[in-house]
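All chains, full assembly: derive it from the sequences and hints.
The listed protein sequences derive, respectively, from chains A and B.
Using this note's numbering, read the first sequence as starting at 1 and increasing by one per residue.
Using this note's numbering, read the second sequence as starting at 1 and increasing by one per residue.
Among the hints, erroneous ones may be present.
Cβ-to-Cβ under 10 Å is the rule here; a few derived chain A residues that face chain B [unchecked claim]:
| no. | residue |
| --- | --- |
| 1 | 7 |
| 2 | 25 |
| 3 | 27 |
| 4 | 30 |
| 5 | 49 |
| 6 | 92 |
| 7 | 96 |
| 8 | 98 |
| 9 | 101 |
| 10 | 102 |
| 11 | 103 |
Anything over 12 Å on all C-beta distances counts as not near chain B; from chain A, calculated [unchecked claim]:
| no. | residue |
| --- | --- |
| 12 | 13 |
| 13 | 26 |
| 14 | 34 |
| 15 | 42 |
| 16 | 43 |
| 17 | 45 |
| 18 | 56 |
| 19 | 62 |
| 20 | 64 |
| 21 | 73 |
| 22 | 75 |
| 23 | 100 |
| 24 | 111 |
The hints are simulated quantities; they were obtained by calculation from the structure and are not laboratory data.
Don't be surprised by glycine CBs; every beta carbon is placed ideally from N, CA and C.
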Amino acid sequence: AQSVTQPDIHITVSEGASLELRCNYSYGATPYLFWYVQSPGQGLQLLLKYFSGDTLVQGIKGFEAEFKRSQSSFNLRKPSVHWSDAAEYFCAVDPGGGNKLTFGTGTQLKVEL
Amino acid sequence: DGGITQSPKYLFRKEGQNVTLSCEQNLNHDAMYWYRQDPGQGLRLIYYSQIVNDFQKGDIAEGYSVSREKKESFPLTVTSAQKNPTAFYLCATGRGENTEAFFGQGTRLTVV
Numbered sequence: 001a002q003s004v005t006q007p008d009i010h011i012t013v014s015e016g017a018s019l020e021l022r023c024n025y026s027y028g029a030t031p032y033l034f035w036y037v038q039s040p041g042q043g044l045q046l047l048l049k050y051f052s053g054d055t056l057v058q059g060i061k062g063f064e065a066e067f068k069r070s071q072s073s074f075n076l077r078k079p080s081v082h083w084s085d086a087a088e089y090f091c092a093v094d095p096g097g098g099n100k101l102t103f104g105t106g107t108q109l110k111v112e113l
Numbered sequence: 001d002g003g004i005t006q007s008p009k010y011l012f013r014k015e016g017q018n019v020t021l022s023c024e025q026n027l028n029h030d031a032m033y034w035y036r037q038d039p040g041q042g043l044r045l046i047y048y049s050q051i052v053n054d055f056q057k058g059d060i061a062e063g064y065s066v067s068r069e070k071k072e073s074f075p076l077t078v079t080s081a082q083k084n085p086t087a088f089y090l091c092a093t094g095r096g097e098n099t100e101a102f103f104g105q106g107t108r109l110t111v112v
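Structure representation (structure tokens):
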């Protein structure tokens, strides 16, 4: 079955430290890949997306993600975390390009000052 | 303002009652989606519509119904057949293939 795995439920980092959130997917072909962020009680905001081309994708708020086909991964990174980055992060895939997304279970990020 | 409006933000209903959640968009997007979010489970697709007067079931459609009479509107009815309706419901829109989805601010439904 098609699936998206975010192995880390909670991550805590210190402000200014680097961050990497993991995402692995299980699909027959390379799907479209997304990272969304959600603040408590709010909707989802798109951070970045990968459709094709350069495997290192730049997004908003200083985030980037790297697609690795051999590992079926699309990990999210940020060199220096800010306290305002505390939120829940969701990796999502769209296998058919029609916006029908399959989401991972999310990673809750806490930032220590 | 362009965007997706979900109303109300909070909704309380008694068990056994049907309830309808509103989703309106002025982005002129053809496709609209309903997702359900539960803690620790991510988001799951309930129903989607890629064109007016047409919609399809998603992964967890049982106990829900939708209509798409206008391009701008995609209301979701949570029926009494839904065994565990308390959740956060998110509406999304899309411009079509090879694009991202845009999300509303959500409706938190609590059934008591």
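Against the structure, the hints come out as follows:
1. Restraint check, residue 7 (chain A) versus chain B: the minimum CB separation of about 13 Å is more than 10 Å; hint violated.
2. The interface hint given for residue 25 (chain A) is broken, as the beta carbon of that residue sits about 13 Å from the closest beta carbon of chain B, more than 10 Å.
3. For residue 27 (chain A), the interface hint is violated, the least distance from its beta-carbon to any beta-carbon of chain B being 15 Å, above 10 Å.
4. Interface restraint check for residue 30 (chain A): the shortest CB-CB distance to chain B comes to about 13 Å, outside 10 Å, so the restraint is violated.
5. Interface hint status for residue 49 (chain A): upheld, as the beta-carbon distance to the closest one in chain B is roughly 5 Å, under 10 Å.
6. Checking residue 92 (chain A) against chain B: minimum C-beta separation of about 8 Å stays under 10 Å; hint holds.
7. Interface hint at residue 96 (chain A): satisfied, since its Cβ lies 8 Å from the closest Cβ of chain B, which is below the 10 Å cut-off.
8. Because the smallest distance between the Cβ of residue 98 (chain A) and any Cβ of chain B comes to about 6 Å, under 10 Å, the interface hint for this residue holds.
9. Taking 10 Å as the C-beta cut-off, the interface hint given for residue 101 (chain A) holds, the closest approach to chain B being about 6 Å.
10. Interface restraint check: residue 102 (chain A) against chain B, minimum CB-CB distance 8 Å, threshold 10 Å, status holds.
11. For residue 103 (chain A), the interface hint holds, since its Cβ comes within 10 Å of a Cβ in chain B; the closest pair sits about 4 Å apart.
12. The non-interface label for residue 13 (chain A) is consistent with chain B: the shortest C-beta to C-beta separation is roughly 21 Å, beyond 12 Å.
13. Consistency note on residue 26 (chain A): stated as away from chain B, and its beta-carbon is indeed over 12 Å from all of that chain's, at 15 Å minimum.
14. With a least beta-carbon separation of about 6 Å from chain B, residue 34 (chain A) fails to lie farther than 12 Å from that chain, contradicting its non-interface assignment.
15. A cut-off of 12 Å between C-beta atoms contradicts the statement that residue 42 (chain A) is not in contact with chain B; the least separation is 6 Å.
16. For residue 43 (chain A), the requirement that its beta carbon stay farther than 12 Å from each beta carbon of chain B is not met, with the minimum near 4 Å.
17. Taking the minimum C-beta to C-beta distance to chain B, about 8 Å, the non-interface status of residue 45 (chain A) is violated against the 12 Å cut.
18. The Cβ of residue 56 (chain A) sits about 18 Å from the closest Cβ of chain B, beyond the 12 Å cut-off, so the non-interface label holds.
19. No beta-carbon of chain B is positioned within 12 Å of the beta-carbon of residue 62 (chain A); the least distance is around 19 Å.
20. Annotated as non-interface, residue 64 (chain A) keeps its C-beta farther than 12 Å from every C-beta of chain B; the closest such distance is 17 Å.
21. The beta carbon of residue 73 (chain A) is kept farther than 12 Å from every beta carbon of chain B, the shortest such distance being approximately 17 Å.
22. Residue 75 (chain A), annotated as away from the interface, keeps every beta carbon of chain B farther than 12 Å; the closest lies near 17 Å.
23. Non-interface status of residue 100 (chain A) relative to chain B is broken: a Cβ of that chain comes within 12 Å, the nearest being about 6 Å off.
24. Every beta carbon of chain B lies more than 12 Å from that of residue 111 (chain A), the smallest distance being close to 20 Å; the non-interface claim holds.
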